[in-house]
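Enquirer: Since the structure of chain P is provided, determine the placement of chain G on it from the hints.
Which chain is which? The protein sequence lines are P and G, in order.
Here UniProt numbering is used: the first residue of the first sequence is 1, the next is one more, and so on.
Here UniProt numbering is used: the first residue of the second sequence is 1, the next is one more, and so on.
Among the hints, a few may not be true.
Straight-line Cα separation of at most 30 Å, DSS-like style, residue types lysine-lysine; simulated pairs [to be verified]:
| # | chain 1 | residue 1 | chain 2 | residue 2 |
| --- | --- | --- | --- | --- |
| 1 | P | Lys180 | G | Lys59 |
| 2 | G | Lys224 | P | Lys426 |
| 3 | P | Lys139 | P | Lys78 |
| 4 | P | Lys435 | P | Lys266 |
| 5 | P | Lys372 | P | Lys139 |
| 6 | P | Lys435 | P | Lys394 |
| 7 | G | Lys59 | P | Lys126 |
| 8 | P | Lys139 | P | Lys129 |
| 9 | G | Lys59 | P | Lys297 |
| 10 | P | Lys151 | P | Lys50 |
| 11 | P | Lys381 | G | Lys276 |
| 12 | P | Lys260 | G | Lys276 |
| 13 | P | Lys297 | P | Lys394 |
| 14 | P | Lys316 | G | Lys276 |
| 15 | P | Lys87 | P | Lys131 |
| 16 | P | Lys177 | P | Lys336 |
| 17 | G | Lys59 | P | Lys177 |
| 18 | G | Lys59 | P | Lys266 |
| 19 | P | Lys372 | G | Lys224 |
| 20 | P | Lys336 | G | Lys276 |
| 21 | P | Lys269 | P | Lys279 |
| 22 | P | Lys269 | P | Lys394 |
| 23 | G | Lys224 | P | Lys394 |
| 24 | G | Lys276 | P | Lys78 |
| 25 | P | Lys426 | P | Lys151 |
| 26 | P | Lys316 | P | Lys394 |
| 27 | P | Lys297 | G | Lys224 |
| 28 | P | Lys269 | G | Lys59 |
| 29 | P | Lys182 | G | Lys59 |
| 30 | G | Lys276 | P | Lys426 |
| 31 | P | Lys129 | G | Lys59 |
| 32 | G | Lys59 | P | Lys279 |
| 33 | G | Lys276 | P | Lys151 |
Calculated directly from the structure, the hints in this document are not laboratory data.
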Amino acid sequence: MSLPSRANRVTLLAGTIGLALAVTACGSTEPKPSASGGGSTSAECAAFDKYGKHDGKTVSIYSPIRDAEADLFQEAWKPFAKCTGMKITYEGTGEFEAQIQVRADGGNPPDIAFFPQPGLLERFAKAGKLKPASAEVKKLAEEGWSPDWAKYSTVDGTFYGAPLGASVKSFVWYSPKMFKEKGWTVPTTWDELMTLSGTIAGAGVKPWCAGIESGDATGWPATDWIEDILLREIGPEGYDEWVSHKLAFNDPKVVAAVDKVGAILKNDKFVNGGYGPVKSIASTAFQEGGVPITQGKCALHRQASFYANFWPEGTKVAEDGDVFAFYLPGNDPSKKPVLGAGEFVAAFTDRPEVQAVQAYLASAEFPNTRMKLGTYVSARKGVDTANAQNPIDKLSIEMLQDPDTVFRFDGSDLMPAAVGAGTFWKGMTDWINGKDTKTVLDYIEASWPKS
Amino acid sequence: MTTLTETVARTRAVTAPQRVRRRLTSRVASAVAIVIAVLWTTPTFGLLLSSLRPEDQIKSTGWWTFFSDPQLTLENYQEVLFGTSSSSGQMMSFLINSIVITIPSVLLPLALSTFAAYALAWLPFRGREWIYIGVFALQIVPLQMALVPLLSFFSQGVEVFGLQVLPGWELEGSARFVQVWFAHTCFALPLGIFLIHNFMAELPGDLMEAARVDGATHGTILRKLVLPLVGPALATFGIFQFLWVWNDLLVALIFAGGTAETAPMTVRLAQMAGTKGNEWQRLTSGAFVSVVIPLAVFLSMQRYFVRGLLAGSVKG
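If we strip away everything but chain P, and leave its shape as in the complex, we get (with noise of 0.2 Å):
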């Protein structure tokens, strides 16, 4: 008897020290915003009433994005939680993947979190830890992205969170004054590019260049490749159906597809511009793999749109300039499936101020003010492209807003992690330093989880 009144005791008497520290913790945040808050009703916070005032909450988000680009974010959002009188924690991880499953396990989630991929976003919603999307947020989601978005973050028929971000991973980069003075022109169909990788390969130049090293992603640009094919060999259905696992990984529609890039990667004709033979692919950092177009050493490198922050300083990034990117053509030029990737919003709590930060993400205000700092691209539809920082980012948002344009996420993020993070990067590695399409294309079916 005497034990749990004694245990009772300890509840209570830890419960009090909480309380009190929680007491003074309130105490000590809670005048400043009320301060600020107050004195800044004008004209700036008109915009941010229809949020509602939060006056001393938090609310933190975690993201895997960092760096120069999260500075832009916060930077982004200071107006909005100036005005809300919230307080926005953000932290970005390199490890964000792993670190986020440690936090929701141990009980010290984010409360919001920016999932890069859905297939993570889904795993979270099927295990519970994520709170459904409230119906403002899913309102502004489905007025503002095309229905192809929306489908990645729902989860049995639940709304989780508006998308964020967006790159286009359907380009191919070239520079500009290289096809002018040598009169080349930009392909619009399959044939047309490959007839023109024949020219600037009789020119005594080889044509691409395309480097796959990531540290542990090793393989990941490839795996780029191999979709944006698929996508227009099999078209989108026959996309979804390859990524959810009812087309074989080793079906002969795949095994065409891959061997279509091979008649790229895999020719040393081709491949690589500025580095050596085809196996200097596997070698060669994804950052620096379209570098010796700068240098007259290679004239092609497909890769995503936010490889114009990679090119060396001082290279103009411009239809006129030192490099710009044209859609990969596929072999109808009337259909333009787009390939990319993007960030989803999902909350791990629905207090009213987490909400509040997610319709605002989601609204069209946000994408304008940050794209307004810098190099952004979202494919919310209200963005103006008059904001963008540079002619690849308006390039890439009139595709995402086109409405004749299909947009299938990067496969890879959403097929299970040991395939699509997994067997996947090391099979297409294989398969640049020799193996036959047959056998990696077998190695990944064979590994595609059985339950």
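Expert: What follows is chain G alone, placed relative to chain P:
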């Protein structure tokens, strides 16, 4: 008879190290040692050279091109240490965080394991051996296994059969340093107790007995007798623990988080290359900044380090 074997054993014990010493001081051995030292230092030297080269040079050529095309700049250090935008390093403020994390994380386990080691070595009580074996066995448990339970201990407290025994700590902001200290102390104790216990147990029992007869309490014995004698062991463990905590990324990442308020330099270093690794030239100078303090500590204390390592292994 016994004295004879003892002397024989002793002469052998003396000659064996002498033989080893003689062999190791030969010219050939010295040459080999120098070659090994050069091989081991080359990458570090390359990193140092890289950190002093301009960004476009780092990214396009290897450090050895420096000898044919010498270009030096302190720009990387400037950016990493004193950059004004929050993206460019600001290592100075994270350096402070690292120090704030490291000092208590070294002193706490040092103090606790000294007390524990003394008790386990010189206080006769029942179950002493079992406790010692238990502590020793705990070294086998990998740190990674304890991360999630410890995190939930901090955030939700302890609940036994639905009864809240301990509340969650609810630490926010800079109070989260406490979590890191706590975690590092927990993880350090098994090795600390083991190391210092072995050293203390070697001390002659007569010394303790004499002190007891003279009326010294355990507190006095520990303070006046044992502590001066186990100095090298404490220094060894202190340096071990210092280097481990200073270089730790995992524990800090989980318990301190990645915000500028509490994150140590290692966490900052990991973020500094940018989301897609396009600013990796900063890592060269960042790595050197983070290495300066451990280097200074090691060089100034290496005397103890070597002595402590040897002292535990050779008897007499």
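Enquirer: Would you mind marking each hint as holding or not holding in the structure?
Expert: Now the hints, each set against the structure:
1. For the hint pairing Lys180/P with Lys59/G, the CA-to-CA distance comes to about 28 Å; that is within 30 Å, so the pair holds.
2. A distance of roughly 61 Å separates the Cα atoms of Lys224/G and Lys426/P; the hinted pair therefore is violated under the 30 Å criterion.
3. In summary, the hint linking Lys139/P to Lys78/P is supported, as the alpha carbons are separated by about 24 Å, within the 30 Å threshold.
4. A hinted pair counts as satisfied when its Cα atoms are at most 30 Å apart, and Lys435/P with Lys266/P qualifies at roughly 10 Å.
5. At most 30 Å may separate the alpha-carbon atoms for a hinted pair to count; Lys372/P and Lys139/P meet this at roughly 25 Å.
6. In summary, the hint linking Lys435/P to Lys394/P is not supported, as the alpha carbons are separated by about 39 Å, beyond the 30 Å threshold.
7. Our distance criterion of 30 Å between C-alpha atoms is broken by Lys59/G and Lys126/P, whose separation comes to about 43 Å.
8. Of the supplied pair hints, the one linking Lys139/P and Lys129/P holds, its CA atoms being roughly 22 Å apart against a limit of 30 Å.
9. A distance of roughly 17 Å separates the Cα atoms of Lys59/G and Lys297/P; the hinted pair therefore holds under the 30 Å criterion.
10. Distance restraint check for Lys151/P and Lys50/P: the Cα-Cα separation of roughly 27 Å lies within the 30 Å cut-off, and the hinted pair is therefore satisfied.
11. For the proposed pair Lys381/P and Lys276/G, the alpha carbon gap of about 26 Å is at most 30 Å, so the pair holds.
12. For the hint pairing Lys260/P with Lys276/G, the CA-to-CA distance comes to about 28 Å; that is within 30 Å, so the pair holds.
13. A C-alpha spacing of about 28 Å is found between Lys297/P and Lys394/P, which places the hinted pair at or below 30 Å, so the restraint holds.
14. Taking the CA atoms of Lys316/P and Lys276/G, the gap is about 20 Å. The hint holds against a cut of 30 Å.
15. For the hint linking Lys87/P to Lys131/P, the alpha-carbon distance of about 21 Å falls within 30 Å, and the restraint holds.
16. Between the alpha carbons of Lys177/P and Lys336/P the distance comes to roughly 26 Å, so the proposed pair stays at or under 30 Å and holds.
17. The straight-line distance between the Cα atoms of Lys59/G and Lys177/P is roughly 24 Å, inside the 30 Å bound, and the hint therefore holds.
18. Restraint check for Lys59/G and Lys266/P: the C-alpha separation of about 26 Å stays at or below 30 Å, so the hint holds.
19. Distance hint between Lys372/P and Lys224/G is unfulfilled; the C-alpha atoms sit about 68 Å from each other, more than 30 Å.
20. Proposed proximity of Lys336/P and Lys276/G is supported: the alpha carbons are some 27 Å apart, at most 30 Å.
21. Distance check on the hinted pair: Lys269/P and Lys279/P sit about 13 Å apart at the alpha-carbon level, within 30 Å; holds.
22. In summary, the hint linking Lys269/P to Lys394/P is not supported, as the alpha carbons are separated by about 34 Å, beyond the 30 Å threshold.
23. A distance of roughly 75 Å separates the Cα atoms of Lys224/G and Lys394/P; the hinted pair therefore is violated under the 30 Å criterion.
24. Note on Lys276/G and Lys78/P: the hinted pairing holds, with a Cα-Cα distance of about 24 Å set against a maximum of 30 Å.
25. This hinted pair checks out: Lys426/P and Lys151/P have alpha carbons roughly 28 Å apart, not beyond 30 Å.
26. Restraint check: the Cα-Cα separation between Lys316/P and Lys394/P comes to about 15 Å, which is no more than 30 Å; the hinted pair holds.
27. Distance restraint check for Lys297/P and Lys224/G: the Cα-Cα separation of roughly 74 Å exceeds the 30 Å cut-off, and the hinted pair is therefore not satisfied.
28. Of the pairs offered as hints, the one joining Lys269/P and Lys59/G holds, with about 26 Å between alpha carbons and a cut-off of 30 Å not exceeded.
29. Between Lys182/P and Lys59/G, the direct Cα distance comes to roughly 29 Å. Compliance with the 30 Å bound is thereby established for this hinted pair.
30. Taken as a hint, the Lys276/G and Lys426/P pair is honoured in the structure, with Cα atoms around 20 Å apart against an allowance of 30 Å.
31. About 42 Å separates the Cα atoms of Lys129/P and Lys59/G, which puts this hinted pair outside 30 Å; it is violated.
32. Of the supplied pair hints, the one linking Lys59/G and Lys279/P holds, its CA atoms being roughly 21 Å apart against a limit of 30 Å.
33. In summary, the hint linking Lys276/G to Lys151/P is supported, as the alpha carbons are separated by about 26 Å, within the 30 Å threshold.
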